[in-house]
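Engineer: What follows is the residue order along each chain.
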Amino acid sequence: MSTSSVSKGCFVFKPSSKKRRISSQTADYFSEAKNDSEDSGLRFATCQLLWKQINSETEKIQEELNKQLFDNLISFLRQSHSEFQTKKTEWMCRMKSSEIPTAALVLGVNVTDHAMTFKSLSEVLQDNVTPYVVSLQAKECPGIKHLLQKLMGQLMDCSVDVDSSEEDECVNISQKKIHCSMASLSKWYENVTKKTGSETPSKKRTSSSRHWQSPPIVVIFKDMESFTTKVLQDFIVISSQHIHEFPLVLIFGIATSPMIIHRLLPHSVSSLLCIELFQSLSCKEHLATVIDKLLLTTEFPFKLSEKVLQVLINIFLYHDFSVQNFIKGFQLSIVEHFYSQPLSVLCCELLEAKKRVYSLSHNQCENIRSLPSFRRYVESQVSEKQIALLTEDSFLKEVTQELLEDLHIYHENYFPVLRCLHVFTTSLPKYPLGKQIRELHCACLGKRVWETDEYGSAVQLLRMLAKAELVAILQKCVEIFTSSSGKQFSNTVEKLGEFLTRFQNLEVAEANEAQDVCVSSQKELQKKMDLYHLQKTLLELKESKRSKKLTKFEMLRFEVVDFIDSLVRSYLAPAEMQTLNEVVYFHTANTLREHLNAAPRIALHTALNNPYCYLKNQTLKSDVGCISNTAPDICIVYKLHLECGRLINLVDWLEAFSTVVMAVEGTDPDSVATDQVDEIIHARFIRAVSELELLGFIKPSKQKTDHVARLTWGGC
Amino acid sequence: MSQLELKRSKVLEARFVADEDVLKHISDTGGVKVRKDRAQLALNVKRFVKKLENISDDEAQEILEEQNYVAVLGACAEASELAQTPGKNVTFDSSQYPEKPASTPQSSKKYSASNKAQLKSKKNEFVSTTPYRLRKRLTAPSLHSDSESDYSASCSEEEEEEKDHKETSDVILDQKTPSKTRAAPTPASKKIPAKKLKEELMSNLVEEYFEAHSSSKVLTSDRTLQKLQKRKLDQQTLLVLLNKAPPAFTAELKELNQQHESLFSKWMLQLHLGFSIVLYGLGSKRDLLEKFRTSLLQDSVHLVVNGFFPSITVKSILNSITEEVLDHVGTFRSPMDQLDLIMKRFKEDSSLELYLLIHNLDSKMLRGDKSQQILAQLASLPNVHLIASIDHINAPLMWDQAKQSLYNWLWYETTTFSPYLEETSYENSLLVQQSGSLALSSLTHVLQSLTPNARGIFRLLAQYHLENKDNPSYPGLSFQDFYQRCREAFLVNSDLTLRAQLTEFRDHKLIRTKRGTDGVEYLLIPVDNGTLTDFLEKEDEDM
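Heads up: the sequence lines are chains A and B, in that order. Numbering follows the working numbering, with no gaps: position 595 of the first sequence is 595. Throughout, the working numbering is defined as the position within the second sequence, counted from one, plus 1000.
Incorrect hints may have been included.
[To be verified] No farther apart than 30 Å at their CA atoms in a straight line, the calculated lysine-lysine pairs in the BS3-like style are these:
hint, chain 1, residue 1, chain 2, residue 2
1, A, Lys536, A, Lys552
2, A, Lys145, B, Lys1344
3, A, Lys230, B, Lys1347
No wet-lab data here; the hints were simulated from the structure.
Work out the full structure: start from the sequences and follow the hints.
Structural biologist: Right, dumping it as structure tokens:
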């Protein structure tokens, strides 16, 4: 069946039911990729498992981070309607002013992350506060009628959950018929609460023990800014009329700033709201936690290389601030890694990986031998071992196990030392090595950090730290090392503890010494003397300070800094230098950038401007700014159009095109009359121009006959 | 003589002029004098005009030399008045260039013989006004003779002596035109030599932008396609002609396609993992997606959407999902309800799977915010797998953050360089003649279902429409007149019946109503005359 037709734009294809595949075999596509790939099934399983773990971890992180916010919100809800529950007159008098309690939730510009927050928010509310939670989106509510319909629909649905099954049907039937109005809503609420109230106490306990007695109706406006003002205003005014009949609470999801409420709602309407502001966690913190928990840990075997991490962070910082997208990029890199790297089968827990090494096939062993990092390793070995490594599979497997263990140990050491260094560098002015740990991580992953200028200046600055600061930092470092799992750090912790005690001992001795120096110099200065002498003594003083022997504190400080430096040098070697790093590190940042942060316009321009990039034909090779006359028609037409102003005369364009094309075909342009453009060339021109129109470079213009308007300026 | 001197300078100026503006300027300043002289010069002018008519004649140059400057000036003024229409202006322009070097002694001296020969041989090409910079570039290699620059320099010097600043700038602007035109005839050599435009381009880009957008006037030539013999081709002939054109770079294109095809199973994998795939890059991606479909999707339910189809709507997409994929009977109040149902069904039944292939997701009909929202929500379903292609340069602007995260795109560059045959084949593209065959068939179909009276009413309107086809200011038939005619033909008995009929026509887009300036309602048939004539002929046959 063909998919082109002049009467239809949609074509459905349904295979006969017996032919239809029953389950999806995603794994098949994984293996279909390359015929030579090995262990694809195992790799796919590992990949899925890893992603599942990571995904649940991210959800846990989000939950933890939102906990504070949700607690605040719940207590606000509790407070706002406590009066209603007790049916005190206080409530009534407050409601006389018809104020609706409202929580304004400022969520930040990372709109993509909001959905998750709202999802967990409504879950939390439904679990703890009230079954009546309604989420509304602007796109569902173009008018007040739709809004009320949605509201009623969702409320009826959730009431069904609580009610016994016999009510089920009648509710469902009435839902369609019910005239959606606030009056019917309040009647419904009365019914529902009466029902639960009239039930026997024991039954009530079981059914709605988690909820309060007269649960409030919570309406969440997910994207407050996109709602039409009229709908919002109408809803608020109408519901404020009915607020004494049922407890209503609004939650506004705000992406910009709380000011938007006042811009959207006139004073007469906003005065009907009793607004309290809540701030969700910032996306930066969220990202920091995600990186901390996912990347800077040995828990997950999969790692990102410096460039990949840089790409993901750049997308986050310069494009969307969306943690969700960061995680998506992370997911993509996992998939890409397992898909493209046959050795990724070893990218799992250390014990499991060691087991898997045994079952590696000969091809996989060859794969290991061709890894650049492994080649480096082989070259550094003695010649007998080299031969053994390159010829004996079993020996290779043994060595591979050792190497994997080494890699694991490297990671175990790397992260605590990285955190320790980060503690040191964050206290420095101007943050030479970056403020965030992710920056430091990137710097360490890529190259030998101790060879960089930034590290040099950081060490310089460290040598000038005050004692109090230094002690605090050292204490933090001790904490980091003791909490880390690495076994090698017991010595380090001891050493750091020793430093700390020496600092304490210093305190007394130093205080005396310092006083001495001060007193003596002060005495000198207090004497009466002429200008010449004063200058002389000051110079002497300065001289003595410069050549002065270092104090004990300074000596100790140097010692500490040197110790840290030695830690950095021994443990923070770049990952790329590690043997077998290709197994766990995902390196191809390019593919990631192409798939996540594509530049379609640049691709189009390159294809049009320099077709040689795609069509490797020597005739297309040409200098910049020159129209190669053998290029595809659309390229020629495009280049000609670049030379025009805002309007392009089609006749001239056609003529120029035919001139260029004729030159290719070797016909002498003189011999052809200008007015008579060859038919085929004309047709080709027409096609190229309509293609450019489809691509959005030009559009027909009515300004002048037979002219088209150019829609772009400059190169592209 | 001093007056003559003055005139000469003006003559000089007038001769460059391609633009009506400057001509007007001359007639403003020097016009008074010229008009006085005109009586005496009438003979000369006539002769000049005669010469203008056969420009291709080589003798024109010599004869023009004999003319005195005043005559030429007069002719200019005259001609500009005579030829206000753009078409004539063009011939007028071209006539001036050959005459110019000959009549100006200083410059003709410098003019090299070879140049002259060149000019003569290619005089008929003078008309061409290829786009600006191309011409500049073409000029650069062959016309590096100093005559060109000398000429313009001397000219501007003269100008500066007598004219104020504004005029000079005028002239300089105009000087550009002839110099460019003269460049055109140089044959495009095998390889057009490159001129390092890039640096210059970058630095001037901003200035150029404002220059081009500063005035509403755009300098382009006034030539129209009407002058060419073959103006518009219809779709059929176009296709036939294109098939004749030899395909280029087949080997390379094949290689490109093979590269893309090797990604198929990766796409499937990623579709299954919850991503959607969007293809971009130059060239039609239709064949590629077709190949993907036929090679991998044969055994699963899939929906192909031709976004470039001119009357595609989101509703039709949703309809084909509900009716054909989900076998749902019933109607929906709004696309939103329909979407809700689809989402519910897909969420309930996890064995249900749908592959959605959309060619040209950025087409005119689908690029709207609402359409994209609905499609994005469809794509966000875990068992709906979307793979789409985009072509427009601004296509990514369709999606905001929220939609992008719903779509969950993975971008793939698939530059194919294959022509957009199918995508541009619908009768909406530029330069292609609207054959109107679709309109005709719809016309007959609608009218066949109507009563004979209604057909008569439409005939009446159509005939009146055709009678007035040559009247450019034809506003349409006013309702009252129409009613009168219909009554006379015993087609209706009250204006209410007529209105009822008209509503029917309007619903089928057979007529359009327009309110005139006097508040009277006019009726129009928005179909082109050829189709209408065909239709009437067919009707006559049937009767």
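Engineer: For each hint, tell me whether it holds in the structure or not.
Structural biologist: These are the hints, each one checked on the structure:
1. At most 30 Å may separate the alpha-carbon atoms for a hinted pair to count; Lys536 (chain A) and Lys552 (chain A) meet this at roughly 28 Å.
2. For the proposed pair Lys145 (chain A) and Lys1344 (chain B), the alpha carbon gap of about 23 Å is at most 30 Å, so the pair holds.
3. Annotation: proposed proximity of Lys230 (chain A) to Lys1347 (chain B) is violated, straight-line Cα distance about 34 Å (limit 30 Å).
In summary, the one numbered hint that this structure violates is 3.
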